[in-house]
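*Asks:* Okay, here's what each chain looks like letter by letter:
Protein chains: 2
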Amino acid sequence: MMKEERYEMRFGGSGGQGIILAAVIFAEAAGIHEGFHVCQTQSYGPEARGGRSKAEIVISHEEIDYPKVIGMDLFLAMNQPALDAYFVDFKPAGILVADATFVDQVPTSRALVLPFTTIAREKLGNELVANIVALGAVGVVCGKVGLASLEKAVAHRVPAKFTELNIRALHAGAEAARQQDLSALPPFIDSDEEKEV
Amino acid sequence: MMKEERYEMRFGGSGGQGIILAAVIFAEAAGIHEGFHVCQTQSYGPEARGGRSKAEIVISHEEIDYPKVIGMDLFLAMNQPALDAYFVDFKPAGILVADATFVDQVPTSRALVLPFTTIAREKLGNELVANIVALGAVGVVCGKVGLASLEKAVAHRVPAKFTELNIRALHAGAEAARQQDLSALPPFIDSDEEKEV
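Chains A and B are the protein sequences, given in the same order. Position one of the first sequence corresponds to residue 968 (the numbering used here), numbered consecutively onward. Position one of the second sequence corresponds to residue 968 (the numbering used here), numbered consecutively onward.
Derived by calculation from the structure, the hints in this document are not laboratory data. Note that the structure is predicted; figures quoted are calculated from it, not measured. Hints may be right or wrong, so weigh each one.
Which copy is meant is left open, so a pair is good if it fits within one copy or across any two.
[Unchecked claim] List time: in silico DMTMM-like cross-link candidates among lysine to aspartate or glutamate, alpha-carbon distance up to 20 Å:
hint, residue 1, residue 2
1, K1119, E1014
2, K1035, E1094
3, K1128, E1094
4, K1090, D1056
5, K1119, D1056
Work out the full structure, taking the sequences as your base and the hints as a guide.
*Replies:* Written as structure tokens, this is what we have:
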């Protein structure tokens, strides 16, 4: 990244979907294992009681002055209410990664929609790792944090008993993302087009 | 709190001391169960590889414009290196809560020094819950988040198998803090005195 360039991500989902854990893991992978400056933030407002949650990550090679998202380079949406609520701040050249299991409508064509929860249930036998499946996909799409770093951070944050399951979940998500042709997405969405969708 | 008043906290410790989990739990207790606006932030810089970690929480009744700590109202230090590294930004009327097990020298007389890790080991049989013991004490010292809210957040964040242990840890920490006479602390430390210590 160029000097002062920031890469900004937001993860959104319901309270039980493990958004914050996924964000903490990504932040540790980027900050501890890849050497980025990282700020990872949870914000709760009056809407927090509704069960929606969001977590944000800003990474940079420089010190980070403002730790919250200004414009999203990547938005992970684990369900439709979180997608609708937190899509603001999406950059024209940003990318949306959404869980097809719980998302029907995407407001941009720069979207990678994969069934994270279905993969977690069917390939891994446990819906609770859908967040880590999604994290594997996010790692591939973002391209700034290696899978090995994500593995280390997963192993640090998850109880030993569940480490192997979560590592497999991470790889399943990465594999699902790699099978998509990201270069086929439109490179840039102008705001008029976005409004029409 | 008055309009726009912020209450700012920082938790610091080594990588394995569970600082971030404690901060996420406190933030959920304050944001989801007590209805505050809350921003909870982890920052990683070049020093992250050294194993130190810090987490910050800002709570307010108003929307929070800047999510990081400007001046600490409460600083939880789980070991000496974290205390030394992150004591900057301590407010004159702030309060330091430190783990006596791993802290020898406190740079302010506005300090509550309790052996969180020793309590975790001896009363609860598991050093790994020292962070939750500390969290119980922090809840009492801070005074803005009820123990019931902390309990709910602990139960949400900790694997079911360990919920009871962690709830007991929370209460042990709260009890240890309640036995101290906080009103006996000097109300305000001026910066000259702080420098001399």
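*Asks:* It remains to establish, for every hint, whether it holds in the given structure.
*Replies:* Right, here's what the structure says about each hint:
1. Taking the closest pair of Cα atoms, K1119 and E1014 come within 20 Å of each other only across two copies (18 Å); inside a single copy the shortest separation is 33 Å, beyond that limit.
2. In this homomeric assembly, K1035 and E1094 never come within 20 Å of each other (Cα to Cα): the closest approach is 29 Å inside a single copy and 34 Å across copies.
3. Taking the shortest Cα distances, K1128 and E1094 sit within 20 Å of each other both inside one copy (16 Å) and across copies (19 Å).
4. Proximity of K1090 to D1056 under the C-alpha cut-off of 20 Å is found in neither arrangement, the shortest distances being 34 Å within a copy and 48 Å between copies.
5. For the identical chains of this complex, K1119 and D1056 are neighbours neither inside a copy (31 Å) nor across copies (32 Å), given an alpha-carbon limit of 20 Å.
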